[in-house]
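Visitor: Listed below, chain by chain, are the residues.
Protein chains: 2
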Amino acid sequence: MAQSIVLFELTATEALQLLSNGTITVEEYARSLLGRIEERGDTVKAWAYLDPDLVLSEARRLDQIPLEQRGPLHGVPVGIKDVMDTKDMPTEYGSPIFKGHRPSCDASSVAILRAAGALIFGKTTTTEFTVTNSGPETTNPHDPNRTPGGSSCGSAAAVADLQVPLSLGVQTGGSVIRPASYTGTFAMKPSHNAISPDGQTTFSISFDTIGFFARSVEDLGLIADIYSIKDDDPPEDIPLKEVSVALVKTPFWSKAGEGTIAAVEQASTILRSHGVTVEEVSLPPDIDNEQSLARLQKVITSGEARVAFLRVYRQDKAKLAPQVRRLVENFNNFSHKERLEALDRYGSIRSKVDEIAAKYTVILTPSAVDEAPVGLDDMGSPIFNTLWTGLHMPVVNLPAFKGEHGMPIGVSLVAGRFRDQHLLNVAKVLAEPLMAEGGWRTRPDLVANDNAVAGPGPDDKAGEDHKL
Amino acid sequence: MAQSIVLFELTATEALQLLSNGTITVEEYARSLLGRIEERGDTVKAWAYLDPDLVLSEARRLDQIPLEQRGPLHGVPVGIKDVMDTKDMPTEYGSPIFKGHRPSCDASSVAILRAAGALIFGKTTTTEFTVTNSGPETTNPHDPNRTPGGSSCGSAAAVADLQVPLSLGVQTGGSVIRPASYTGTFAMKPSHNAISPDGQTTFSISFDTIGFFARSVEDLGLIADIYSIKDDDPPEDIPLKEVSVALVKTPFWSKAGEGTIAAVEQASTILRSHGVTVEEVSLPPDIDNEQSLARLQKVITSGEARVAFLRVYRQDKAKLAPQVRRLVENFNNFSHKERLEALDRYGSIRSKVDEIAAKYTVILTPSAVDEAPVGLDDMGSPIFNTLWTGLHMPVVNLPAFKGEHGMPIGVSLVAGRFRDQHLLNVAKVLAEPLMAEGGWRTRPDLVANDNAVAGPGPDDKAGEDHKL
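Here the protein sequences come in this chain order: A and B.
Numbering-wise, the first sequence is residues 1 to 468 according to the UniProt record's numbering.
Numbering-wise, the second sequence is residues 1 to 468 according to the UniProt record's numbering.
Just chain A, with the same shape it has in the complex (with noise of 0.2 angstroms):
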């Protein structure tokens, strides 16, 4: 092995070469992760459960599969987010209910990636249910004062601090694209029901969708290759000059703060420099309205809301986060007449925003409201992504620029529903730019900042069975 290749920096892509040719081991690729964590893990708090014994033992089991048996993610590290099963690991749904739970069956994400050969490291942290605003000690890997955003906290801290190269998260509002921008990671939410949520918290059945994080756009599409998610039509390739963007500003525009506001039109402005067409275009006029569409959101994810959770509430209400409990309640008092109305119209919606999508090659919007916020009491707002879930359609965050304090922000790529391929594909061709121009450094903006933190130092935990 090549005495300058530090293996918890490479990308999934990069480490599945070398294990494919032999050049690694799963088991070294494992203990450097391990040790990775082993020296930030106490900074950034990414994990829920993590097991350094279970690692080690699941990547000499996979180091002695034949090579022909091997599947395409084989060896493979994955963070989960902790509201996803998993058959080997404790899954507690950040909710002191389920404290020490042990599910027999993996979700069927996390199944899928096990068949794949993926190596399952353990579970990252999220909120409770994926509904409150705060709760986990996960830090933003590029400022610990910082939050890495919820509620895929976890999830997008442990990818951006090299702990891992891909997790899964998933996102009812703005739980994966948020903290993706956030902690500067790519990450992508795919179309809904593109993965099956069976086995994992379901907080909204109409909005939720399972995303992932990676530090490629390459390595994003390695996962969703893995769970078939395929277009229609095979995505043809497109030069960088034929790319036309649709930029969409949303009707929560007066929201956005001026890092983001700058990163919208930075992209815009290096797009253009390389001759792609970009325009400001409007969603229909029946969504295009703040607090109607605002509205439509939270009347359709509340109301699932209080089904999903009947459950917990009637097995435990006082262990419940007030948040919770309230949406059991409907503390709103939303009835089911304006939650129809609100399904209905969203299902009219969609037909017409891919509409517009397929008049474009791409749409391009915000990611998050601005750089995250200090302090860990306040996750963000998913203001700028639920549109895009509720509407179904693929997203993918580029953590191209940078905020007044050099945080990370992200821009956010939007296709048609079901043209995920499509998407992928142009968010190569358009990374280049953004990535080498937007100001945003992944690597080297993280060493420098790991060396500003004052982490602890290496314990002497590691090869304990313990939580982290």
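Hints listed in this document are in silico derivations from the structure and should not be mistaken for laboratory results.
One should not assume that every hint holds.
All copies of an identical chain are treated as equivalent in the list; a pair is satisfied when it fits inside any one copy or across any two copies.
[What the hints assert, rightly or not] Pairs of lysine-lysine, DSBU-like flavour, derived with a Cα cap of 35 angstroms:
| no. | residue 1 | residue 2 |
| --- | --- | --- |
| 1 | Lys241 | Lys337 |
| 2 | Lys428 | Lys337 |
| 3 | Lys249 | Lys87 |
| 4 | Lys230 | Lys99 |
| 5 | Lys249 | Lys317 |
| 6 | Lys87 | Lys359 |
| 7 | Lys428 | Lys317 |
| 8 | Lys230 | Lys317 |
| 9 | Lys87 | Lys352 |
| 10 | Lys319 | Lys230 |
| 11 | Lys319 | Lys352 |
| 12 | Lys249 | Lys99 |
| 13 | Lys87 | Lys317 |
| 14 | Lys319 | Lys298 |
| 15 | Lys241 | Lys319 |
| 16 | Lys99 | Lys359 |
| 17 | Lys359 | Lys428 |
| 18 | Lys230 | Lys249 |
| 19 | Lys99 | Lys352 |
With chain A's structure known, arrange chain B on it following the hints.
Guide: Chain B in isolation, oriented as in the chain A frame:
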């Protein structure tokens, strides 16, 4: 305890009264049902798993709970379709892949029953992942040479045969209402997502709906209450004479057999004779076409099944039924585009059909093509059910009629989305004349059939930990 009461014959509401006033214990009630199962189990074969020891120890545990701590369903036995996870019994989803699988957590639907004090009795048979149209050896309690219908075969048969008063099923097409019609049970498929599907097999995320079987409309209301299925406004009592019925024969009427045609005519005649208005009503033109409507449904459910079953396909496709395998392989070559159009179209239809429903007190429509087919290899067609499942409207089966072979035939009552309580109210009012004059007598017929059936004698298995 009065000598004349045969406990296993009671409805849940009747049993609850005796349990709550201390006339009977949960254990006595459970023993009566176990006796019935011992007598009839080998003929009906309704159970995928039933452990009499577990049932009795649970019953004794419930008997120990002080009166003031008892839930609203205290001691009432419920059969659970074996696609819903149970923490104390195996859950096999009708699949050899999950032979002996033991989930560590109840499905939401089961946990809520358990929290209400229900006695989770056993697991009822199902077709493989609810997909195939044969498999279980479960027979129709009214004629062991006929199917009870699928996929919730065991739940329908167990309630019809007085082996439990209540059971849960799940319906993607007609897996609850059709077996209810075939077995002469009352059943309800509530509005879509009125009960959380967490912890059960997914087939089609936008069609799957949990339903339940009982032996009276009152009992259906009992379960609906447990799940907090409530209308926006408390439903009003409607006198029979003020009821207006929209008779919707559906675009599939040409498929109706003589028994169903007669049942629908008879229902109309009986209701009219009691002063009820019955008016034949067509569906909106865009869904009033047999071929196109059937295709819409197939495109949606197949496309969603492809995602839902990818996991088992990747884990062990050799053990999957060809019908399940073909879904994942997209045997019909349906595109995302067609599926999204179908989803959007269904979305746009729902409010239109709600509007039609709102003009009448209730919709009357067939529950099945005819009597239960002969043989166990064809579990019948869901053609009269899938429409309402996809429309997300609540449906109640009233087992009021009899076909030419003396088998039961039900009719469906349907209301607008989330008018479940209203529907139950109307069903109760309409059940009176229909059940009195329709010709089907559940209990007497059943006893008559019992005598006709050459079942095996009592065996000595009771008390053993075994599967029936």
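Visitor: Quick one: which hint numbers does this structure break? Sort them smallest to largest.
Guide: 3, 5, 6, 9, 11, 12, 15, 16, 19
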